[in-house]
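J.: Just so you know, the protein sequences line up as chains A and B, in that order. Each residue of the first sequence is one higher than the last, beginning at 15 in the working numbering. Each residue of the second sequence is one higher than the last, beginning at 661 in the working numbering.
FYI, nobody ran anything at the bench for these hints, they're computed from the structure. For clarity, every value in this text was computed on a predicted model and none was experimentally measured. Every residue gets a Cβ at the ideal spot worked out from N, C-alpha and C, and that includes glycine.
To give a feel for the contact side, a few chain A residues facing chain B, derived at Cβ under 8 Å:
{"hint": "1", "residue": "21"}
{"hint": "2", "residue": "22"}
{"hint": "3", "residue": "32"}
{"hint": "4", "residue": "37"}
{"hint": "5", "residue": "58"}
{"hint": "6", "residue": "78"}
{"hint": "7", "residue": "91"}
{"hint": "8", "residue": "119"}
{"hint": "9", "residue": "134"}
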Amino acid sequence: MDQTLLFKQERDLDPALTDPATRTLNADKLTGRWLNTDPKTQGVAEITIAQDGNEFTVSVIGAGAGESIEWPRAKATVLANLEEEAGQRALAFAADFDFGFMKSETYIRVNKGVLVIVLFNTFNDDSGRSNYLNREFFYRQA
Amino acid sequence: MEFAQIRDRVDVRPKAGAMNTSDLIGTWINSNPNTSGIARIVISSSGGNLSLRAYAVSPEGLIDWGSVDINAFASTPTSDVAAGFTCLYDLGFAEARLQAMIMKGLLVLAQLQKFKDDSGRVDYFVREYFAIVHEHY
Numbered sequence: 015m016d017q018t019l020l021f022k023q024e025r026d027l028d029p030a031l032t033d034p035a036t037r038t039l040n041a042d043k044l045t046g047r048w049l050n051t052d053p054k055t056q057g058v059a060e061i062t063i064a065q066d067g068n069e070f071t072v073s074v075i076g077a078g079a080g081e082s083i084e085w086p087r088a089k090a091t092v093l094a095n096l097e098e099e100a101g102q103r104a105l106a107f108a109a110d111f112d113f114g115f116m117k118s119e120t121y122i123r124v125n126k127g128v129l130v131i132v133l134f135n136t137f138n139d140d141s142g143r144s145n146y147l148n149r150e151f152f153y154r155q156a
Numbered sequence: 661m662e663f664a665q666i667r668d669r670v671d672v673r674p675k676a677g678a679m680n681t682s683d684l685i686g687t688w689i690n691s692n693p694n695t696s697g698i699a700r701i702v703i704s705s706s707g708g709n710l711s712l713r714a715y716a717v718s719p720e721g722l723i724d725w726g727s728v729d730i731n732a733f734a735s736t737p738t739s740d741v742a743a744g745f746t747c748l749y750d751l752g753f754a755e756a757r758l759q760a761m762i763m764k765g766l767l768v769l770a771q772l773q774k775f776k777d778d779s780g781r782v783d784y785f786v787r788e789y790f791a792i793v794h795e796h797y
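Only chain B is shown next, with the shape it has when bound in the complex:
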């Protein structure tokens, strides 16, 4: 077994099935009501595929970014429980790479924004926190 760090060298047991992604699925709301970026994301599962839909703040109200497939990640090479994801939005004038991990019930979402137009804007990084909408309490 090849590895780039000792953490990758593990005894792998046969997997019972696909990764459990239930902790990711739902509607996640930005903890900052004054955000100027993504306000809400909705993660859903269909036919074994996970997809994400992002809604972002604009001067004219929320902009629906549409739906993209996401790749789920566990917290270790031997875990079958999803703890984060990545996905890529091609917005035409820019590319938004989203990389997220769940920490203490919060989704920490990093956005890596790369501009493809000739606007002269600098590529940027921002990290925001999202809470899942639930019916407890």
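Chain A extracted, bound-state conformation:
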């Protein structure tokens, strides 16, 4: 018996969303070690995305003052990226990092072979810093 699908937008009814193949499309486009295209970044220096079955984790190295900062590893929420690249759909990830004094909500996707991360950083301390967003680009380490 067909199930009536609830929706709040036409896109929620896209047949691709119930296609099992959509869950695993092109995961290899994101997995691996990625280095920031800006060698002088003051933000995220590198990202490693690892796959274990259907689970993905995101490891981040932040640029520190003379030394790198390892962020707590985050489990990724896997999302089908409905944007097509070269006629192929891929995955995107959402990953949240909690530092105590700050929380970073991120999404990660690949565009033309470049990994893009967008971070929304919220400070929980009383430092007076503004919550801020930033975006960075990475190339895959050969």
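On the provided structure of chain A, position chain B as indicated by the hints.
T.: Below, chain B without anything else, positioned relative to chain A:
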């Protein structure tokens, strides 16, 4: 001062007031007239709180998602000017996380849609562009 990246270690001056959110406020229209998702969003401010109302395309016309509070983000830890926002819609059968940033006058809106029902639909990500309705030109 704790930091997770050197960009977070800044000298903070006393703030004159709340973040300037004027660049966010207004009606934003999807640049794609054939979108199957959110067609229009309206961001407004009341009593210091920012809220967003989304309207999405459906076979029966636009669906009003109602209003939710949004969190504004600057472009740096020392900026007082909003450059983006996040918010969360609980749609019952699904949860829609919206994350947006202004780039060259366009609002780039990422939608992270997570289904909570047993429909078997895969969670998805989509990014669309919105232009603000204005009276110039």
